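S.K.: One letter stands for each residue in the lines below.
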Amino acid sequence: MKKAKKTEDGGSTCINMDRISKLPEEILQRILYFLSQKQAVRTSVLSKSWRNIWCTRPNLDFSDDTFKGNKQYFLSVVNNTLQRYRDQRLCVKKFHLRISLGDNTYKESVSFLEKWVPRFTAMGVGAFRLSILSKNECVDMSSVVFKAESLKLLRLFNCDLGQNTPKNIPFVRLTVLRLIKVLINKDIFNKIVWSCPLLTTMLIEQCRGLENVTLEKTRHKYLKHFTFRTIDDRCSVEIDILTLETIDILGCQ
Amino acid sequence: MAAETGTPTTLTLKSNDDELFSVAESAAILSVTIRNMVEDGCAGGVIPLDNVDGKTLASVITYMNGISAIPADEEKKKSYRDKFLSDKDFETLADMVLAANYLNMSCLMDAVSAKIAQVMEKKSVGWVRRKFGIENDYTPEEEAAVKEEHKWTFEGVETDDDN
Chain A
1 MKKAKKTEDG GSTCINMDRI SKLPEEILQR ILYFLSQKQA VRTSVLSKSW RNIWCTRPNL
61 DFSDDTFKGN KQYFLSVVNN TLQRYRDQRL CVKKFHLRIS LGDNTYKESV SFLEKWVPRF
121 TAMGVGAFRL SILSKNECVD MSSVVFKAES LKLLRLFNCD LGQNTPKNIP FVRLTVLRLI
181 KVLINKDIFN KIVWSCPLLT TMLIEQCRGL ENVTLEKTRH KYLKHFTFRT IDDRCSVEID
241 ILTLETIDIL GCQ
Chain B
1 MAAETGTPTT LTLKSNDDEL FSVAESAAIL SVTIRNMVED GCAGGVIPLD NVDGKTLASV
61 ITYMNGISAI PADEEKKKSY RDKFLSDKDF ETLADMVLAA NYLNMSCLMD AVSAKIAQVM
121 EKKSVGWVRR KFGIENDYTP EEEAAVKEEH KWTFEGVETD DDN
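So the protein sequences, as listed, match chains A and B.
For the record, in the first sequence the residue sitting at position 8 is 8 according to full-length UniProt numbering, with numbers rising by one throughout.
For the record, in the second sequence the residue sitting at position 147 is 147 according to full-length UniProt numbering, with numbers rising by one throughout.
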């Protein structure tokens with residue numbers, strides 16, 4: 001927290017009676033909804049009455065960078081949390097998962113992802129934001145990504161989507177697609193973007209195998225922001241969309 | 001019910017300490033509780049709001065009028081909410097969130113909840129306890145066990161300082 005906040009929040013002024021703990025649980029739940037995962041879980045230490053309030057939070061938000069490189073611990077915390085939500089039949093409305101692959105645990109990470117992602121539909125996840133960043137190898141993520149029916153945001157870095165494409169891609173809710181250094185060909189790319197009618201933001205950067213991109217207004221009625229960057233001068237982009245607000249194209253025709 | 005004569009309908013709301021407030025129906029129906037009463041035809045006389053005191057109700061009505069005067073522009077509405085809540089202390093926020101819950105006004109409930117969350121975010125357990133006057137009723141052993149269970153949430157820079 002910045003120092004400037006100190007005087008503003010007034011760390012010295014405190015509320016004497018414990019009014020917050022006496023608020024109805026539905027309100028406390030709502031407050032926790034707006035906290036980060038870390039801060040929400042930490043409220044369990046405040047007092048006994050706070051012990052389990054976070055446990056039924058309808059949104060989950062996990063990022064491995066809050067685990068300081070301890071990937072095993074991150075995987076087990078996410079796995080246990082999801083298992084508990086499943087066992088208790090709790091609803092997860094929003095789920096945000098950010099994971100980097102690159103150390104020697106990447107195979108384990110992928111197999112956890114393969115296990116988790118298909119379950120989300122059954123768990124009622126309405127908005128799923130998934131970011132996968134592969135640091136070293138270009139990892140095949142089709143076994144994970146194409147199972148994610150409730151995807152709202154997909155961000156992939158250094159992944160391979162060129163294999164095992166299913167007949168139907170379930171991205172009807174996808175609004176933000178960011179592909180960076182992804183191995184993907186034109187047919188699969190088209191199949192993906194044609195399956196997301198609600199797309200508002202698309203970023204394609206240094207993707208291999210993708211030489212030309214054609215976007216038509218009939219298929220992308222809501223697209224507002226389009227970015228395409230490449231260092232391959234054989235690439236071409238053709239756009240026929242009136243709703244676009246920002247276009248950023250670099251290094252191609 | 002909304003009259004079809006074209007003149008704006010005014011409702012009278014009564015707080016639990018018997019203060020009366022006039023408010024345009026179009027603003028008051030931001031509250032689903034009030035809207036249901038209006039739709040059920042129960043709003044002819046005075047609408048008693050048994051769970052809201054006069055001070056809080058006055059504030060909620062200011063909000064109702066302010067937000068309903070803004071056309072459908074989510075960004076402008078958000079900045080109005082931010083400004084409206086910016087000078088409120090926790091006592092007032094707690095009254096407002098209870099009122100918003102009772103009146104079933106999700107936009108106000110969310111705005112106040114988010115504001116309280118903003119105060120708690122990135123703060124240590126000790127800071128939050130002191131700020132909100134939360135009494136720690138764990139024994140040291142129990143507290144250590146809960147901390148151990150969620151130890152990843154304590155790996156960071158937060159300390160028990162007031163920042």
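Calculated directly from the structure, the hints in this document are not laboratory data.
Just so you know, these numbers come straight off a predicted model, no measurement behind them.
Errors might be hidden in some of the hints.
[Unchecked claim] Below, in silico cross-link-like pairs of lysine to aspartate or glutamate (EDC-like), each with a Cα-Cα straight-line distance of 20 angstroms or less:
1. K68(A) <-> E149(B)
2. K135(A) <-> D103(A)
3. K22(A) <-> D53(B)
[What the hints assert, rightly or not] Ranges between beta-carbon positions, derived for each pair:
4. E149(B) <-> S36(A): 16 to 24 angstroms
5. T92(B) <-> C91(A): 40 to 48 angstroms
6. K83(B) <-> Y222(A): 29 to 37 angstroms
[Said to hold, decoys possible] With the Cβ distance kept under 10 angstroms, some of the chain A side facing chain B (calculated, not the full set):
7. L32
8. K38
9. V41
10. R42
11. S47
12. K48
13. I53
14. K68
15. E211
16. L215
17. T218
18. K221
19. H225
Heads up, the beta-carbon is just placed ideally off N, CA and C, and yes, glycines get one too.
S.K.: All the hints need checking, so say for each whether the structure fits it.
M.R.: Results of checking the hints against the structure:
1. K68(A) <-> E149(B): Holds, because 17 angstroms separates the two Cα atoms, which is no more than 20 angstroms.
2. K135(A) <-> D103(A): holds, 8 angstroms
3. K22(A) <-> D53(B): Given that 20 angstroms is the threshold and the Cα spacing comes to 18 angstroms, the pair holds.
4. E149(B) <-> S36(A): 16 to 24 angstroms: With Cβ atoms ~18 angstroms apart, the hint holds.
5. T92(B) <-> C91(A): 40 to 48 angstroms: violated, 32 angstroms
6. K83(B) <-> Y222(A): 29 to 37 angstroms: holds, 30 angstroms
7. L32: holds, 7 angstroms
8. K38: holds, 5 angstroms
9. V41: holds, 5 angstroms
10. R42: With Cβ-Cβ at 4 angstroms, under 10 angstroms, it holds.
11. S47: holds, 5 angstroms
12. K48: holds, 5 angstroms
13. I53: Where the cut-off is 10 angstroms and the nearest Cβ of chain B is about 12 angstroms from I53(A), the hint is violated.
14. K68: holds, 6 angstroms
15. E211: Because about 39 angstroms separates E211(A) from the closest Cβ in chain B, which is outside the 10 angstroms limit, the hint is violated.
16. L215: Violated - the Cβ of L215(A) stays beyond 10 angstroms from chain B, reaching only about 27 angstroms at its closest.
17. T218: violated, 27 angstroms
18. K221: violated, 20 angstroms
19. H225: violated, 17 angstroms
Going through the hint list in order, the structure does not satisfy hints 5, 13, 15, 16, 17, 18, 19.
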